[in-house]
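Number of protein chains: 2
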Amino acid sequence: MKILIVGASGRVGTILTLQLLALGHEITGTSRHNKPLFDHPNYKHLNLDITQQLAQIVAKITDDFDAVYCVAGSGTDEGLLQTDLHGAIKIMTAAESKGIERFIHLSFGFSLEPAKWKEEGLEELTDYGIAKHYADQWLINNTKLNYTLMQPCWLTETPGSGKITVNIQHHRSNSIENVANTLVAVLNNPKTFRKVISMHDGDIPIEEAINSL
Amino acid sequence: MKILIVGASGRVGTILTLQLLALGHEITGTSRHNKPLFDHPNYKHLNLDITQQLAQIVAKITDDFDAVYCVAGSGTDEGLLQTDLHGAIKIMTAAESKGIERFIHLSFGFSLEPAKWKEEGLEELTDYGIAKHYADQWLINNTKLNYTLMQPCWLTETPGSGKITVNIQHHRSNSIENVANTLVAVLNNPKTFRKVISMHDGDIPIEEAINSL
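Chains A and B supply the protein sequences, listed in that same order. Okay, so the first sequence: first residue is 1 according to UniProt numbering, each after it adds one. Okay, so the second sequence: first residue is 1 according to UniProt numbering, each after it adds one.
Hints were generated in silico from the structure; no laboratory data involved. Note that the structure is predicted; figures quoted are calculated from it, not measured. A few of these clues could be false.
Chain copies aren't distinguished; within one or between two, either way the pair holds.
Mimicking DSSO-like on lysine-lysine, the simulated pairs with C-alpha atoms at most 27 Å apart in a straight line are [what the hints assert, rightly or not]:
#, residue 1, residue 2
1, 118, 98
2, 2, 44
3, 60, 118
4, 116, 98
5, 118, 191
Extracted from the complex, chain A is given alone in its bound form:
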């Protein structure tokens, strides 16, 4: 498949890109820098700053992608409004304008359940939760995209166990490798279409967990 990964230089984006390349997909990865991230015959780099105007973003994205991953994040509180909220929504709008239907969005645990933000030790991440909340609401309510909305909580730089739990009740940590592998697993799985899927590291093999949905 021909796949656009917005935020390919991030911690999740890097592993996700490598995994999808290993599976034989053609990947275009974006970052704010005009420097290719991966040296691979099936990799193309796109210098894309999602804080730019929508029209500029639309002009840079071709219409021949089979799927879009949006795994971009600002990494700082200062960038939440421009990147995690408005930037992500501009990518949704751009994808729709190009006739691309499949859209996989990396969100955040309980982004759609504000009542849990104070209960779950997530209070210091309230701003992050709000930015993700309204981006996710937009994806679900204001687009016709065939979305999968993945909601891990804490990301950790630990090796992936290959096992997760989905539709969780409480937040727990997520190996970045597990998250990337789960994003790969949902790509073509109809059980994940138009679904919101919360997750953390667990004890069910990723494919099995996804197929249980």
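Assemble chain B onto chain A, guided by the hints.
Same frame as chain A, now just chain B:
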């Protein structure tokens, strides 16, 4: 009328409250502090922090208001997500849950036209524009409230001329007193129901400008 003013301690809220009291309305004003803002027989104070959970906000608001003004603003970049975006939307949700229909929201010039944010000298206010943008989109698309969405640009602490221009093409300054007087003028005017009204100081008397809509 019995009116709730969320953000009564702000620069616009203060003048708005005094004007509505002078017209004989019963006002409940909110601020984050448990200290009455106005000494007037028709004024009641409500200590309300709109960064609290929705359920707590709903519990504090009675259902006997004829109208709600939301003129709360964080005043700082740090508060945009929690106050101007999520806080304002919680007030919309609370109002709907109480069966209150009339909702007057103080927004920001061109909040619904992101393409203008870079062109109009507003670039340093992009974060503010984004917070207002998604609050306004929510009000229009995700509520059934009978809204009026007022969009002044720059606010200045200058005496009100009593004259404005509506449905503007370019941003210009707005006397806070003119903005407050315009918010008063739209309260019961059906020409402002379910309308987005941009404005700046101008040369048409406020009532006449509003009636021209």
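So, going through the hints one by one against the coordinates:
1. Within a single copy, residue 118 and residue 98 get their C-alpha atoms only as close as 39 Å, which misses the 27 Å cut-off; across copies the closest is 24 Å, which meets it.
2. Only within a single protomer do residue 2 and residue 44 lie at most 27 Å apart by alpha-carbon distance; the minimum there is 11 Å, versus 61 Å between protomers.
3. In this assembly of identical chains, the alpha carbons of residue 60 and residue 118 lie at most 27 Å apart only when taken from different copies (19 Å versus 40 Å within one copy).
4. For the identical chains of this complex, residue 116 and residue 98 are inter-copy neighbours only, at 23 Å across copies versus 36 Å inside a copy, given an alpha-carbon limit of 27 Å.
5. For a Cα distance limit of 27 Å, the shortest separation of residue 118 from residue 191 qualifies neither inside one copy, at 31 Å, nor across copies, at 41 Å.
Hint compliance for this structure: hint 5 is the single one not met.
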